[in-house]
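Q: Once you have looked at the hints, place chains B and Z on chain C.
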Amino acid sequence: MASETDNLLVSLKDVRFAYGEREILRGIDLTVPRGKVVAIMGGSGCGKTTLLRLIGGQLRASGGTVDVDGREIASLSTADLYALRRRMGMLFQFGALFTDMSVFDNVAFPLREHTDLPFGLIRDMVLMKLNAVGLRGAAELKPAELSGGMARRVALARAIALDPMLIMYDEPFAGLDPISLGVIGQLIRKLNDALGATTIMVTHDIMESLLIVDYIYFVSEGRVVAQGTPDELRASDDPFVYQFIHAEPDGPVPFHYPAGPLADSLIGGVGA
Amino acid sequence: MSRTKLDLWVGFFVVIGMGALLFLALKVGNLGGSNFTDTYVVMARFDNIGGLKVRAPVKSAGVVVGRVTNIGFDTSGYRAEVTFALDTRYQFPRDTIATILTSGLLGEQYLGLDPGGEAEMLKGGEVVQITQSAVVLEKLIGQFMFDKAAEAPAN
Amino acid sequence: MNGLLNVVRLLGAMVTEAIWRTGFGARFFILLLRHSGQSLTRVHLTIRELYFSGVLSLLIIVVSGLFVGMVLAMQGYETLQRYGSGDALGVLVALSLTRELGPVVAGLLFASRAGLAVTAEIGLMKTTEQLDAMDMMAVNPIARVVAPRFWGGVISMPLLAALFSAMGVFGGWLIGVVLIGVDEGAFWSQMQAAVDFRFDIMNGVVKSVVFGAAVSLIAVFEGYDCTPTAEGLSRAITRTVVTSALAILALDFVLTSLMFRGQS
Chain C
1 MASETDNLLV
11 SLKDVRFAYG
21 EREILRGIDL
31 TVPRGKVVAI
41 MGGSGCGKTT
51 LLRLIGGQLR
61 ASGGTVDVDG
71 REIASLSTAD
81 LYALRRRMGM
91 LFQFGALFTD
101 MSVFDNVAFP
111 LREHTDLPFG
121 LIRDMVLMKL
131 NAVGLRGAAE
141 LKPAELSGGM
151 ARRVALARAI
161 ALDPMLIMYD
171 EPFAGLDPIS
181 LGVIGQLIRK
191 LNDALGATTI
201 MVTHDIMESL
211 LIVDYIYFVS
221 EGRVVAQGTP
231 DELRASDDPF
241 VYQFIHAEPD
251 GPVPFHYPAG
261 PLADSLIGGV
271 GA
Chain B
1 MSRTKLDLWV
11 GFFVVIGMGA
21 LLFLALKVGN
31 LGGSNFTDTY
41 VVMARFDNIG
51 GLKVRAPVKS
61 AGVVVGRVTN
71 IGFDTSGYRA
81 EVTFALDTRY
91 QFPRDTIATI
101 LTSGLLGEQY
111 LGLDPGGEAE
121 MLKGGEVVQI
131 TQSAVVLEKL
141 IGQFMFDKAA
151 EAPAN
Chain Z
1 MNGLLNVVRL
11 LGAMVTEAIW
21 RTGFGARFFI
31 LLLRHSGQSL
41 TRVHLTIREL
51 YFSGVLSLLI
61 IVVSGLFVGM
71 VLAMQGYETL
81 QRYGSGDALG
91 VLVALSLTRE
101 LGPVVAGLLF
111 ASRAGLAVTA
121 EIGLMKTTEQ
131 LDAMDMMAVN
141 PIARVVAPRF
151 WGGVISMPLL
161 AALFSAMGVF
171 GGWLIGVVLI
181 GVDEGAFWSQ
191 MQAAVDFRFD
201 IMNGVVKSVV
211 FGAAVSLIAV
221 FEGYDCTPTA
231 EGLSRAITRT
241 VVTSALAILA
251 LDFVLTSLMF
261 RGQS
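Residue numbers (the working numbering), protein chains in the order written: chain C, 1 to 272; chain B, 1 to 155; chain Z, 1 to 264.
Isolated chain C (complex conformation) (with noise of 0.2 Å):
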């Protein structure tokens, strides 16, 4: 048992979490052993991304616990928190590049902050990480003369740049053609197996997610309502799953926002 919980990384114990009156969260259970990729799926809106800040600690839960490498985050100090951030990566929905930067300045940004290298060292290290995800070429150019895809890639650089332990995607499909697509899921994929690092991926690309991750959790309305490995997910008749994966409009994920009946609303008016 010790060693079981030893080998996970990440581990949320029936955490809360809500904005204001908003409640996002409404217990999680998930965790994430070591070396493999999990993806966290659900619709828009869902909290996704709500979990993906908890780990990384820049929210705090209103409830429940959040283990990260063994350590509490809420009961870390910021000089902790810190430390232990230096050992994520974590790549943005859209990258989020520095945009008065290069993008080898983007990729040195972490090493030269965190590190000493001398310049020559950190200029090699670069490099390697640009040409991990195929863009030693585009070393000079500003990242607004990079594509969607290519911006992407160079934030993955950026994120992997410490050599971190854990890394996190937030929806690192979203807004890419089918080639780039293929290509950032590969990446994902090789990274983690190279760097022997674990990965938390949340996306609602399911087909793409299929292919590359180890365990799929599933998350509606603030609760995790399946899980399972991609061949599991595939032979399952959960009513959830099924709607997810073959993209139903309607079924357990309402299309509707919840409201009083239609007819109401059109005879007494808005609110009435």
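In short, the hints are calculated from the structure, not lab data.
Only part of the chain C face toward chain Z is listed, based on derived beta-carbon distances under 10 Å:
#1 R53
#2 M88
#3 P110
#4 A155
#5 R158
#6 A161
Here are a few chain C residues that sit away from chain Z, every Cβ distance over 12 Å (derived from the structure):
#7 K36
#8 G70
#9 R71
#10 A132
#11 V224
#12 V225
#13 A226
#14 D238
#15 L262
Quantities reported herein were computed from a predicted structural model and do not represent experimental measurements. All residues carry an ideal CB built from backbone N, CA and C; glycine is no exception.
A: Frame of chain C, contents of chains B and Z only:
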């Protein structure tokens, strides 16, 4: 870390900014001339200071030798207390007369010092004993009119 | 009745919001000061901001200073001439510039040139999650992004204000001495007799430092606090310009009454 064009521009900016400050200090202001660094403070009491203000010049023989630093009111004698700082280069005898004068007919008022003949010099914190108050124009005119009026019936 | 209640409710909400923001702003300022070490130890961060807030404001400051001085001389000469004291033109131009116009007008220009740019930049970084990304890379955005911009502004502002005043005096000289023909000796000597270095010029510098700090703080705060949408960003930018202008004028009143009350 290497020098960049940006550094050059920032250097240029700082240099001309400092240059502007220097220009203000030396050419526009009076830092080069009559600014006193080493001073000693002396006090004088007047019946009336007229329009004398803090920072008004203290002159002797027309040369600025100090500045008025404070003006107060002495409730025991109902007199004005004028404190002024004099440059340590200029020493005055103890029986110096302090007068409030006006530059020109309507100009600003200043403190004039007429040195006496005593051998002992004024020291910091001492009080100038002999003072002469400001000439108040209204009073002067009033007196003049009064005198005239007094003369009139005689004619 | 209902309308009145709504107005009261709205007013209450506005006051609460204002107090809330003030408190948050104060906490932000303390955090900024605490994380300012890096701006001093890694000078190139601040130098970069000096370039953006200082060097890029040079042109507008120099040109406006020159014109303000020229207009002052023209208008001032008209008035002084009536009392037969055209020679005092230098005094008028120099005193108005060093005490008031230099810091105030330079501050207003600085707010709309550099302050606005800082708000836009930080706001855009927030909107595009660059600040969050930095935070996740264990780099404090307040230390790395906000503090250098603040200190860059605080350092630039007095230099810009001095430059503005110097250019203004030069403009006054151009109009007064070169064009109108006021005696050059009287122009400078009366000016030097009336303008006190410590009292007039240094107080002007103190003012400009205070304005620089106020504008920079407002600019970085509005950027950092903006709602991360295009609309929120544009509102933050507007607020920077409006709040900075009000802050400069209000602070100018306070400082002037502290510095110059009961004296000359």
